[in-house]
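K.L.:
Residue-level listing of the chains:
Number of protein chains: 2
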Amino acid sequence: MTAHFTVLAKDSVSKARLGRLVTAHGAVETPCFMPVGTQGTVKAMLPRDLREIGCQILLGNTYHLYLRPGHELIRELGGLHRFMGWDGPILTDSGGYQVFSLGAMRKISEDGSCFQSHLDGSSHLLTPEKAVEIQEALGSDIAMVLDECIPHDATRDYVLSSTGRTIRWAERCLNARRKPDQLLFGIIQGGLFEDLRRWCAETMSSLPFEGFAVGGLGVGEGEARLHRIGAFTVDLLPQERPRYLMGVGRPQDIISAVRAGFDMFDCVIPTRNARNGTLFTWQGKVNIKRAEFAADPRPLDETCGCYCCRNFSRAYLRHLYVAGEILSSQLNSLHNLYFYHRLMDKCREAIRVGRSELWPQWNEPGTAT
Amino acid sequence: MTAHFTVLAKDSVSKARLGRLVTAHGAVETPCFMPVGTQGTVKAMLPRDLREIGCQILLGNTYHLYLRPGHELIRELGGLHRFMGWDGPILTDSGGYQVFSLGAMRKISEDGSCFQSHLDGSSHLLTPEKAVEIQEALGSDIAMVLDECIPHDATRDYVLSSTGRTIRWAERCLNARRKPDQLLFGIIQGGLFEDLRRWCAETMSSLPFEGFAVGGLGVGEGEARLHRIGAFTVDLLPQERPRYLMGVGRPQDIISAVRAGFDMFDCVIPTRNARNGTLFTWQGKVNIKRAEFAADPRPLDETCGCYCCRNFSRAYLRHLYVAGEILSSQLNSLHNLYFYHRLMDKCREAIRVGRSELWPQWNEPGTAT
Chain A
1 MTAHFTVLAK DSVSKARLGR LVTAHGAVET PCFMPVGTQG TVKAMLPRDL
51 REIGCQILLG NTYHLYLRPG HELIRELGGL HRFMGWDGPI LTDSGGYQVF
101 SLGAMRKISE DGSCFQSHLD GSSHLLTPEK AVEIQEALGS DIAMVLDECI
151 PHDATRDYVL SSTGRTIRWA ERCLNARRKP DQLLFGIIQG GLFEDLRRWC
201 AETMSSLPFE GFAVGGLGVG EGEARLHRIG AFTVDLLPQE RPRYLMGVGR
251 PQDIISAVRA GFDMFDCVIP TRNARNGTLF TWQGKVNIKR AEFAADPRPL
301 DETCGCYCCR NFSRAYLRHL YVAGEILSSQ LNSLHNLYFY HRLMDKCREA
351 IRVGRSELWP QWNEPGTAT
Chain B
1001 MTAHFTVLAK DSVSKARLGR LVTAHGAVET PCFMPVGTQG TVKAMLPRDL
1051 REIGCQILLG NTYHLYLRPG HELIRELGGL HRFMGWDGPI LTDSGGYQVF
1101 SLGAMRKISE DGSCFQSHLD GSSHLLTPEK AVEIQEALGS DIAMVLDECI
1151 PHDATRDYVL SSTGRTIRWA ERCLNARRKP DQLLFGIIQG GLFEDLRRWC
1201 AETMSSLPFE GFAVGGLGVG EGEARLHRIG AFTVDLLPQE RPRYLMGVGR
1251 PQDIISAVRA GFDMFDCVIP TRNARNGTLF TWQGKVNIKR AEFAADPRPL
1301 DETCGCYCCR NFSRAYLRHL YVAGEILSSQ LNSLHNLYFY HRLMDKCREA
1351 IRVGRSELWP QWNEPGTAT
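Protein chains in written order, with my numbering: chain A, 1 to 369; chain B, 1001 to 1369.
Incorrect hints may appear among the rest.
[Unchecked claim] Here are the in silico distance ranges between beta carbons for each label pair:
no.	chain 1	residue 1	chain 2	residue 2	range
1	B	G1026	A	R298	20 to 30 Å
2	A	R298	B	L1174	31 to 41 Å
3	A	R298	B	R1068	17 to 27 Å
4	A	R290	B	R1225	46 to 56 Å
5	A	I108	B	A1291	45 to 55 Å
6	B	R1106	A	R298	46 to 56 Å
7	A	A295	B	A1291	41 to 51 Å
8	B	N1287	A	R106	30 to 40 Å
9	B	A1291	A	M105	25 to 35 Å
10	B	Q1252	A	G78	30 to 40 Å
For the record, the hints were derived by calculation from the structure and aren't laboratory data.
From a predicted model like this one, the values you see are computed outputs, not experimental measurements.
Using N, Cα and C, we set each Cβ at its ideal position, and we do this for glycine too.
Only chain A is shown next, with the shape it has when bound in the complex (with noise of 0.2 Å):
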């Protein structure tokens, strides 16, 4: 395999990087922000759109499409992307943390993670074997390894514990793929505590992998820890590597992350925000539901040039959200997800140019009016 990850350039003042990541299904720039897909669309977006604003790759939840409508079924009509009409790059969770967070019932072993769906409650073990084989069947162009996500209050004889099988997990799905276009990436676990962070690192890079996720993190563990935890670990990663942030996170985290040498990074944020009325602006949050904006004429962020800010005023906005309008939702959705992808453009550009003021500034909490 020819090199899939390639650093263009690095920020003079931060660990940032500047790099191109290629997948079976075209080049991504990073460091990028993917869209959470989770049933199969990333919600209230149509995929025309998500190219518009500039996206670049998607996540997808193997979870959920095992479940519904079913791997096998996927791959029957072609793989993710036709099925869901995107022919850019995916990547795919490993089903893993949707298992522990949404999963009933689970047990966890050496073999793999036995669980009960959260539709109808059925029985299903998820292996790293298996966690293979369903991402396969997807064909996503970067697969991710079983793994467990360790919760942040664990304690230090189970975060060992646990790491250790998340360590031999991923042995398990290196020697399971079967298909040379897919990217498999390892995961650093290890919770809150460095050596373990250090030794599941050490031993992850020394596997062959095509990229390296962090796990663990932005999962309550408060903000000093996530940053301390994420730039220590992404240090002891390959810097010829791409290096992936999982589920985080806030426009802040996004930014300190990337100034720590991450290049890759997914959340629900944008969306779950923008069906609750919570959108984002080059001058903070706006909560839309807010009577302050009955009658506010003004486009949400005056400065955003994206579809909603440049034909909607804020009271529509207000209205559509008190109204229950499905619009809400696709234009709230449409903006944060814009917002997003320009918030990675401005990070890239100023590793580029190299100029430290040039790197975004987001400041939460706070309310634009």
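Could you slot chain B onto chain A? The hints should help.
P.N.:
Chain B alone, transformed into the frame defined by chain A:
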């Protein structure tokens, strides 16, 4: 005012007409279909997607916009076009229909109609003058007079008395209008009684309206009476004015009404059915939630050129519906409205070319497979 409506061609084998209706926001080729934008949005459709499918004119609901966000607010924000980001023609109804179908505790008198809001129970009086005032505040291109939509099983005495009041209300609307560039249409009531329809049509036709609508049909009277009374009434209306059949309806009803001489239509069927998973194809109706489509790789309608049919399989559309995804409503609405607009294209083409075999064929019921 210059002539706002021109009959461009008449069909040789039916009473259908090809026409051009000029409004303050542009011209409309007739026969035309108006998607319903109840609360200032055609549900689940971006305005640019409405443009793309060939939508020429929208319908806005005065009752809903009056109650929320309020017509004065919309006026302050620059009118309904600007509020909802649609710069093409808009027709508003008078609010009367929703007062009768949604408003609680309604009480009708010569003055107007008293009703309680379905949102908060607040009391309101809708008079002919108020209906004109609201529609002028909204700034629609075409306003409708206040009328009473009579139940199909009303007694002759009631229909006689109600229709007389509708005529007096229409005259009051004419006297109340202040906006010279807003067209005003009269509405023909008269129930299922041909002599009362004739009386109403002849009286309304003597008044200086820019167009005429036939109301009180498609309200449960059945297909045979809908077609009979519709065809009878449209024949009594001036040739040189646009004729609008309100709230009708199914594709076969529209084809029949176009051939009877109607020019304009609106109905919630394409968008409401879309959200319920019922889709229109040139092979019949498809209930996309059926298990038979679970693994069907074909597009919904292989003969359809819409974004939905060009990019997605029936299996995917079924998955989105079953999973309760917002994208289901988006793609289904886009398709059904595309279908309705192609239906109108075909009607116009059949009249233009003057060949009866070009008329669209569409039969219901029937499920395509």
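K.L.:
Hint by hint, say whether it matches the structure.
P.N.:
Hint-by-hint comparison with the structure:
1. B:G1026 to A:R298: 20 to 30 Å: holds, 27 Å
2. A:R298 to B:L1174: 31 to 41 Å: holds, 38 Å
3. A:R298 to B:R1068: 17 to 27 Å: holds, 21 Å
4. A:R290 to B:R1225: 46 to 56 Å: holds, 50 Å
5. A:I108 to B:A1291: 45 to 55 Å: At 34 Å between Cβs, range violated.
6. B:R1106 to A:R298: 46 to 56 Å: violated, 38 Å
7. A:A295 to B:A1291: 41 to 51 Å: Hint holds: Cβ distance 49 Å, inside 41 to 51 Å.
8. B:N1287 to A:R106: 30 to 40 Å: Since the Cβ atoms of N1287 of chain B and R106 of chain A sit about 36 Å apart, the hinted range of 30 to 40 Å holds.
9. B:A1291 to A:M105: 25 to 35 Å: Given about 28 Å between the Cβ atoms, the range holds.
10. B:Q1252 to A:G78: 30 to 40 Å: About 36 Å separates the Cβ atoms of Q1252 of chain B and G78 of chain A, which means 30 to 40 Å holds.
The structure fails to meet hints 5 and 6 from the earlier list, while all remaining hints are met.
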